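*Asks:* Letter by letter, the chains look like this.
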Amino acid sequence: MRPPQVPAVEPASHTLQPPAIWAALARIPDPEIPVVSITDMGMVRHVSVDGGRVSVTFTPTFSGCPALYVIRESIEQAVRALGVADVTVLSTLTPPWTTDWINEAARERLREYGIAPPAPAEPDLIQLEAEPTRCPRCGSLNVRMTASFGPTLCKRLYVCDSCREPFEGFKSV
Amino acid sequence: MTSAIPLTEAQRTALLLKLTVLADDEIILAHRGGEWTGHAPILEEDIALANIAQDELGHAGLYLTLSQHLGGSDPDQVAYWRGPDDYLNTRLVELPRGDWAFTMLRQFLYDTFEALWLEAATRSTFAPLSEIAAKAVREEKFHLQHTALWVERLALGTEESARRTQAALNELWPYAAQLFQPVEGEEDLTAAGILPDLSAVQARWHDLVARHLQDKCGLPLPATTGAGAGRDTHTEHLAPLLEEMQSVARAYPDAESW
Numbered sequence: 042m043r044p045p046q047v048p049a050v051e052p053a054s055h056t057l058q059p060p061a062i063w064a065a066l067a068r069i070p071d072p073e074i075p076v077v078s079i080t081d082m083g084m085v086r087h088v089s090v091d092g093g094r095v096s097v098t099f100t101p102t103f104s105g106c107p108a109l110y111v112i113r114e115s116i117e118q119a120v121r122a123l124g125v126a127d128v129t130v131l132s133t134l135t136p137p138w139t140t141d142w143i144n145e146a147a148r149e150r151l152r153e154y155g156i157a158p159p160a161p162a163e164p165d166l167i168q169l170e171a172e173p174t175r176c177p178r179c180g181s182l183n184v185r186m187t188a189s190f191g192p193t194l195c196k197r198l199y200v201c202d203s204c205r206e207p208f209e210g211f212k213s214v
Numbered sequence: 041m042t043s044a045i046p047l048t049e050a051q052r053t054a055l056l057l058k059l060t061v062l063a064d065d066e067i068i069l070a071h072r073g074g075e076w077t078g079h080a081p082i083l084e085e086d087i088a089l090a091n092i093a094q095d096e097l098g099h100a101g102l103y104l105t106l107s108q109h110l111g112g113s114d115p116d117q118v119a120y121w122r123g124p125d126d127y128l129n130t131r132l133v134e135l136p137r138g139d140w141a142f143t144m145l146r147q148f149l150y151d152t153f154e155a156l157w158l159e160a161a162t163r164s165t166f167a168p169l170s171e172i173a174a175k176a177v178r179e180e181k182f183h184l185q186h187t188a189l190w191v192e193r194l195a196l197g198t199e200e201s202a203r204r205t206q207a208a209l210n211e212l213w214p215y216a217a218q219l220f221q222p223v224e225g226e227e228d229l230t231a232a233g234i235l236p237d238l239s240a241v242q243a244r245w246h247d248l249v250a251r252h253l254q255d256k257c258g259l260p261l262p263a264t265t266g267a268g269a270g271r272d273t274h275t276e277h278l279a280p281l282l283e284e285m286q287s288v289a290r291a292y293p294d295a296e297s298w
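Residue numbers (my numbering), protein chains in the order written: chain H, 42 to 214; chain V, 41 to 298.
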């Protein structure tokens with residue numbers, strides 16, 4: 042008689058591969074714009090697995106963003122939830138985060154949510170004019186910026202002169 | 041943080057001083073901006089100045105974190121446990137907030153300096169500094185766009201707003217020169233390509249400011265006067281500012297920020 046087969050129990054870290062970690066990170070919503078995740082935003086730069094150790098490197102969007110602490114903790118918790126005890130969360134400024142890293146699907150979700158996605162970041166950073174923005178509801182460029190700073194560091198406030206709706210626009214950084 | 045060229049001891053000392061100077065200007069101006077919370081002329085401006093102040097504190101955090109890596113003190117200690125004798129901000133940023141024209145004009149003069157200095161600092165040979173500059177300059181451009189527009193609106197608005205804007209310019213102009221006073225040992229850091237050449241930044245600053253204020257807004261620039269005493273000399277306005285800013289930290293010295 043054969044002994045019953047006992048499935049080998051291995052620590053989760055043995056089987057855990059970076060794609061599983063990326064998938065977990067992709068479920069973390071941006072604390073201030075919950076329709077997009079931190080990976081949609083291009084904030085996660087690097088994931089490495091070394092035996093039972095996982096380290097995640099992310100890049101802050103704005104240097105004074107109050108959500109940084111929440112994001113750091115969310116990353117740590119998400120990786121721990123995969124059964125990893127040894128988690129390091131690092132942040133890096135290089136290369137600096139740009140709104141060009143927000144992926145296409147997320148741009149569409151921002152638009153549906155009523156936030157104009159950012160225009161391509163301009164190479165000439167020091168200039169006194171703001172970039173053109175399209176109304177996320179009707180697509181018109183006939184819009185007025187009513188405030189260059191919105192409820193969060195990353196957004197501006199606009200009114201569309203075609204459909205008359207106010208909306209928020211992502212700053213192009 | 042990427043690896044950096046090794047600094048000599050003299051360079052490290054001078055850089056620590058420069059980082060303190062840069063952070064102090066950001067912290068004090070952020071406090072003055074924050075004073076408008078609940079008092080700005082319209083809600084959007086209340087939010088805008090709070091946003092700008094938040095960014096400036098973010099920049100101070102970047103400078104002080106780098107300073108800590110180079111052997112400086114903990115950023116919270118630097119911000120909340122130094123008195124007016126140890127703060128090295130310019131007198132420009134500590135002056136009371138005044139009226140709206142004064143606030144916007146000061147912010148414009150400062151933002152122009154900051155944006156141009158940061159843009160030059162992105163080319164620093166010291167990688168940790170060029171990284172900070174590359175990050176912060178992207179944020180600073182929004183401050184500059186915003187305050188430049190406000191100065192224009194006020195200067196070309198009513199007689200009263202133009203009068204107040206010119207008065208603010210006349211008062212602030214001599215103070216702005218202090219932004220370009222080098223710290224001790226700065227020349228050596230500039231020669232090594234670690235820090236931007238302050239006189240080149242000043243020339244660009246003067247050009248941009250003159251084009252905006254004089255040519256676009258019709259505000260004649262006052263006759264130039266020197267920067268006066270150094271950054272260790274303050275007006276009577278700094279002590280009460282720090283007393284208010286540091287009151288919570290000093291009342292709860294063991295409190296954690298989060």
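Take these hints with a grain of salt, some might be off.
[Claimed, not checked] Counterexamples of contact, computed for chain H against chain V with all Cβ distances above 12 Å:
#: 1; residue: G93
#: 2; residue: F103
#: 3; residue: Y154
#: 4; residue: N183
#: 5; residue: E206
[Said to hold, decoys possible] Interface residues of chain V toward chain H, partial, derived using beta-carbon atoms under 8 Å:
#: 6; residue: I87
#: 7; residue: A88
#: 8; residue: I92
#: 9; residue: D95
#: 10; residue: L97
#: 11; residue: G101
#: 12; residue: L102
#: 13; residue: T165
#: 14; residue: A174
#: 15; residue: R178
#: 16; residue: E283
#: 17; residue: Q286
#: 18; residue: S287
#: 19; residue: A289
#: 20; residue: R290
#: 21; residue: Y292
Note that these hints are calculated values from the structure, not bench results.
Keep in mind that this is a model prediction, so the values were computed, not measured.
Note that beta-carbon positions come from the ideal geometry of N, C-alpha and C, so glycine has one too.
*Asks:* Broken hints, numbered, in rising order?
*Replies:* 2, 13, 16, 17, 18, 19, 20, 21
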